[in-house]
Amino acid sequence: MKVLMFGWEFPPHILGGLGTASYGLTKGLSAQPDMDITFCLPKPWGDEDQSFLKIIPMDCVPVVWQDVSPGDVTARSGNRMSPELYYEMRNNIYADFRYIHTNSLGGIEFSGRYPDNLYEEINNYSIVAGVVTRQQQFDIIHAHDWLTYPAGIYAKQLSGAPLVIHVHATDFDRSRGKVNPVVYGIEKDGMDHADCIMCVSELTRQTVINQYHQDPNKCFAMHNAVYPLPDRIQQMVDKRRPYSEKKEKVVTFLGRITMQKGPEYFVEAAKLVIERSRNIRFCMAGSGDMMNAMIELVAQKGISHRFHFPGFMKGDAVYEAFRDSDVYVMPSVSEPFGISPLEAMQCGVPSIISKQSGCGEILSKCIKTDYWDIQSMADAIYALCKYESLHNYLSVEGKREVDAITWEKVGVRIRSHYDRLLGK
Amino acid sequence: MKTICLYFEMHQNIHLKRYRFFNIGSDHYYYDDYENERSIVETANNSYIPALNTLIEMADENNGAFKCAISLSGCSIELLETHAPQVIGLLIKLVKTGCCEIVAEPYSHGLASLGSESAFRAEVKHLCEKVEGLFGVKPTVFRNSCSIYSDDIGRIVYEMGFKAMLTEGAKHVLGWKSPHFVYNCTQAPSLKLLLRDNRLSEDISFRFADYNWSEYPLMADKYMDWIAQLPEDEKLVNLFMELCALGIFQPLSSNILDFFKALPGEAKKRDIKFATPSEVCKKMKSVGPINVTDPISWVDEERDLSPWLGNVMQQEAYEKLYSIADRVMVCNDRRLQQDWDYLQATNNFRFMSTKPGAENSYRGIYDTAYDAFTNYMNILGDYITRVNNLYPDLENEEISPLMMTIRNQEDEINRKDREIAHLQKTLELLKGNSKEKTSRTKTKKTPSKS
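Chains A and B, in that order, give the protein sequences.
Those letters in the first sequence? Residues 1464 to 1887, per the numbering used here, in order.
Those letters in the second sequence? Residues 122 to 571, per the numbering used here, in order.
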């Protein structure tokens, strides 16, 4: 079975959870027999892991005819695209796109990020998708997140293959209910055209059904999973100092400091805990549009001496932060899934998550509170820092629980939906 | 001829309120008054009052042929006295019929039998006094909270003067043996043990109204047939359950009360008798000792301590609680001792259970086991500070030798008391003898004189 996937991010160069989820999902799916995945990315760097799928760099796909030699293709695409594929693509240019600014290969440049002219990039992405769809052979189309929905719809209209869209987040989550009408329009259009909507949690599924008015029979909850930690990181995490030896306990928030993640509730809870304890520190890692406001809020509450902002973290630094933390808190106001508590629990850090987080649906060895219930959150933080047995129990049992959540199981479920759509 | 020994437990715990860590040190009242009143009134109306009325009716109608036993925890007596005193009235009426024996249990319905011997002895004594005050009877049979039993507990119970103890007929302890006999404790051979027949008991308490059960609907004649058909030499059937089974676990709409009313008549037809635990002990001899090194209980499939001490959180809470037992024993602050009774209740530990079957079980006001643990530990933190503040300069290590001396002295005084009593008796006997002798000699002498 051949799948044509449209995505926006892929590790190792990722900006958020979408990339990690795309990687796990495709890798888990590739474990299925007879599964051929082609993944379209706006701007791959060339160092992506292509052992289990084929990546098509959308910025190298020609939409304007250029006379280039095979050597030029290799050189100009940075060895990301083979000349054969390039020439085949070039034979499928379907309209005159010379009004668009193109590069020397006749392709459209993408930033691959979330720039200000995002709508233009989304539009260009679907133009390129037209060429790819004409050239590629596939049975099913799978589009990740709203940025790629227009490309998915176009591919479906061209090929007639069933369209699966994967809802990693909705604008209702990002904006606390005050949606951007353009984004909402794109999302709704994608959902209306989809034959199957995979949502990362039941919570998201309900949003899709109630806010986007979709037929519940075509919406399914498809929870994310995590990959086991690589040995190198596991060894690093194992160097953690035992709980009982640590005089100072560290409570960590890690994520984008934006409205969706509820950072102010974390600060409020920290205030309650710091007032009553002497050995608990708080750390808010990450960056975002509310960061300065949070620094001000912390200062205003008078807890700056125990509340730290180490800034944006990536790679090993994230795991170092987990290693040195005793409690992980995710007070998200609305989280479609939220993979970070799973990563924290993999590192043996007990997590407190808001009941408004999708991952809570598949986790039981963690503490759940309402995001607005700062007293309950403070109480849970205090308990984890004070009572060793609770900490040890959640640390050990939490890791065990997360280790049982694998992408391979998700792959099996996605495959069964594909089979159903293809009438097998 | 077979004998049924029917026993009901009456226990309602005192619910703790939502207590955040920032209340530690400032708020010393730990209870959810609304929930306590609501739950006890609900239990009384749906279960205790109709059930006790039925039992009284059965006692009156059968002219002494129907017998049962009831035990109450101190917490439930207090709750009933405050919120549903009519239940106490019904109990008094039932005891007056002479058909109901009151069985003793620990005042708090807690785990002191495992955690602190002195606290255990004190609270059993407390409950006996309370029961004597209410019903005018002195219990001679004992049942531990949740039927927890081990050889060591048996010994302590025997030393406190009880003749028999009720506990579970746990399969892993009995092995090939049958619960339909009287056994005795290995460490105290004179203490008789009545073991629950868990299948027949739970047929009523758990399965009675279960549509999916293959034996549904259960009728009194069928049930009595089962008992009558037991092997010839198995004479005793112990049916122990919570009184809540009548009306709450099995709703009144399932006609469970009519089932009970029909039992004595059907029993009579098959020559089956009812007896109270102490009557059973008088009539029947023990067939042998039963060896229980690890404690057993009547809860869950495992019949052990796992519902209360199954995970590390429960163990920490338990150890913290009983670490201050000695201090609470020596203090005479009534509020502290009252809190001690309420905090010990096994329900508080049960709420923290993470056993697979416990995921969706009743947790009172709590959402999850972690929530229950956090709340309980916050309260315990405050309580321990209060207790420690009474004797701030004393370390735990210093207290235990002191307690030891007190205990030793107490033992010595008791021994001396017994000796004095014994000596006084002999003295009186001697006096009586000498008087008799003198009178005899007098009578003898008189004829000689004459």
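Treat the hints as calculated values from the structure; they're not laboratory data.
Heads up, a few of these hints could be off.
Listed below are the simulated DSS-like cross-link pairs for lysine-lysine, each with C-alpha atoms no more than 25 angstroms apart in a straight line [as the list claims (entries may be wrong)]:
no., chain 1, residue 1, chain 2, residue 2
1, A, 1849, B, 537
2, B, 476, A, 1734
3, B, 138, A, 1831
4, A, 1641, A, 1777
5, B, 394, A, 1709
6, B, 403, A, 1818
7, A, 1465, A, 1490
8, B, 382, B, 214
9, B, 404, B, 389
10, B, 404, B, 259
11, B, 476, B, 284
12, B, 123, B, 382
13, B, 403, B, 389
14, B, 404, B, 390
15, B, 123, B, 394
16, A, 1862, A, 1831
17, A, 1702, A, 1849
18, B, 292, B, 406
19, B, 394, B, 284
20, B, 406, B, 356
21, B, 394, B, 404
22, A, 1862, B, 476
23, B, 404, A, 1710
24, B, 441, B, 284
25, B, 390, B, 123
26, A, 1818, B, 259
27, A, 1887, A, 1702
28, A, 1506, A, 1734
29, A, 1849, B, 259
30, A, 1887, A, 1818
31, B, 441, A, 1849
32, A, 1831, B, 343
33, B, 389, B, 343
Structure-based check of each hint:
Using a Cα cut-off of 25 angstroms, the hinted pair residue 1849 (chain A) and residue 537 (chain B) is violated, with the two alpha carbons roughly 49 angstroms apart. For the given pair, residue 476 (chain B) sits about 35 angstroms from residue 1734 (chain A) by alpha-carbon distance, which is inconsistent with the 25 angstroms threshold. Simply put, residue 138 (chain B) and residue 1831 (chain A) have alpha-carbon atoms about 19 angstroms apart, close enough for the 25 angstroms limit, and the pair holds. Distance restraint check for residue 1641 (chain A) and residue 1777 (chain A): the Cα-Cα separation of roughly 30 angstroms exceeds the 25 angstroms cut-off, and the hinted pair is therefore not satisfied.
Under the criterion of a C-alpha separation no larger than 25 angstroms, the hint pairing residue 394 (chain B) with residue 1709 (chain A) is inconsistent with the structure, at around 65 angstroms. At roughly 59 angstroms between alpha-carbon atoms, residue 403 (chain B) and residue 1818 (chain A) are farther apart than 25 angstroms, so this suggested pair is violated. Annotation: proposed proximity of residue 1465 (chain A) to residue 1490 (chain A) holds, straight-line Cα distance about 14 angstroms (limit 25 angstroms). Using a Cα cut-off of 25 angstroms, the hinted pair residue 382 (chain B) and residue 214 (chain B) holds, with the two alpha carbons roughly 18 angstroms apart.
Using a Cα cut-off of 25 angstroms, the hinted pair residue 404 (chain B) and residue 389 (chain B) holds, with the two alpha carbons roughly 19 angstroms apart. Distance hint between residue 404 (chain B) and residue 259 (chain B) is fulfilled; the C-alpha atoms sit about 20 angstroms from each other, no more than 25 angstroms. Of the supplied pair hints, the one linking residue 476 (chain B) and residue 284 (chain B) is violated, its CA atoms being roughly 35 angstroms apart against a limit of 25 angstroms. In summary, the hint linking residue 123 (chain B) to residue 382 (chain B) is supported, as the alpha carbons are separated by about 19 angstroms, within the 25 angstroms threshold.
Of the supplied pair hints, the one linking residue 403 (chain B) and residue 389 (chain B) holds, its CA atoms being roughly 22 angstroms apart against a limit of 25 angstroms. A threshold of 25 angstroms between alpha carbons decides the hint, and for residue 404 (chain B) with residue 390 (chain B) the separation of about 22 angstroms falls inside it, so the pair holds. Note on residue 123 (chain B) and residue 394 (chain B): the hinted pairing holds, with a Cα-Cα distance of about 6 angstroms set against a maximum of 25 angstroms. Pair hint residue 1862 (chain A) plus residue 1831 (chain A) holds up; C-alpha atoms about 16 angstroms apart against a cutoff of 25 angstroms.
Proposed proximity of residue 1702 (chain A) and residue 1849 (chain A) is supported: the alpha carbons are some 22 angstroms apart, at most 25 angstroms. Distance check on the hinted pair: residue 292 (chain B) and residue 406 (chain B) sit about 22 angstroms apart at the alpha-carbon level, within 25 angstroms; holds. Restraint check for residue 394 (chain B) and residue 284 (chain B): satisfied, since their Cα atoms lie roughly 22 angstroms apart, inside the 25 angstroms limit. Distance restraint check for residue 406 (chain B) and residue 356 (chain B): the Cα-Cα separation of roughly 11 angstroms lies within the 25 angstroms cut-off, and the hinted pair is therefore satisfied.
For the proposed pair residue 394 (chain B) and residue 404 (chain B), the alpha carbon gap of about 12 angstroms is at most 25 angstroms, so the pair holds. For the given pair, residue 1862 (chain A) sits about 17 angstroms from residue 476 (chain B) by alpha-carbon distance, which is consistent with the 25 angstroms threshold. At roughly 64 angstroms between alpha-carbon atoms, residue 404 (chain B) and residue 1710 (chain A) are farther apart than 25 angstroms, so this suggested pair is violated. Note on residue 441 (chain B) and residue 284 (chain B): the hinted pairing is violated, with a Cα-Cα distance of about 33 angstroms set against a maximum of 25 angstroms.
Of the pairs offered as hints, the one joining residue 390 (chain B) and residue 123 (chain B) holds, with about 12 angstroms between alpha carbons and a cut-off of 25 angstroms not exceeded. For the hint linking residue 1818 (chain A) to residue 259 (chain B), the alpha-carbon distance of about 53 angstroms lies beyond 25 angstroms, and the restraint is violated. Taking the CA atoms of residue 1887 (chain A) and residue 1702 (chain A), the gap is about 50 angstroms. The hint is violated against a cut of 25 angstroms. In summary, the hint linking residue 1506 (chain A) to residue 1734 (chain A) is not supported, as the alpha carbons are separated by about 43 angstroms, beyond the 25 angstroms threshold.
The suggested pairing of residue 1849 (chain A) with residue 259 (chain B) is violated, with an alpha-carbon distance near 45 angstroms, which exceeds 25 angstroms. For the given pair, residue 1887 (chain A) sits about 38 angstroms from residue 1818 (chain A) by alpha-carbon distance, which is inconsistent with the 25 angstroms threshold. Between the alpha carbons of residue 441 (chain B) and residue 1849 (chain A) the distance comes to roughly 13 angstroms, so the proposed pair stays at or under 25 angstroms and holds. For a cut-off of 25 angstroms, the pair hint linking residue 1831 (chain A) to residue 343 (chain B) is broken: about 49 angstroms separates their Cα positions.
In summary, the hint linking residue 389 (chain B) to residue 343 (chain B) is supported, as the alpha carbons are separated by about 14 angstroms, within the 25 angstroms threshold.
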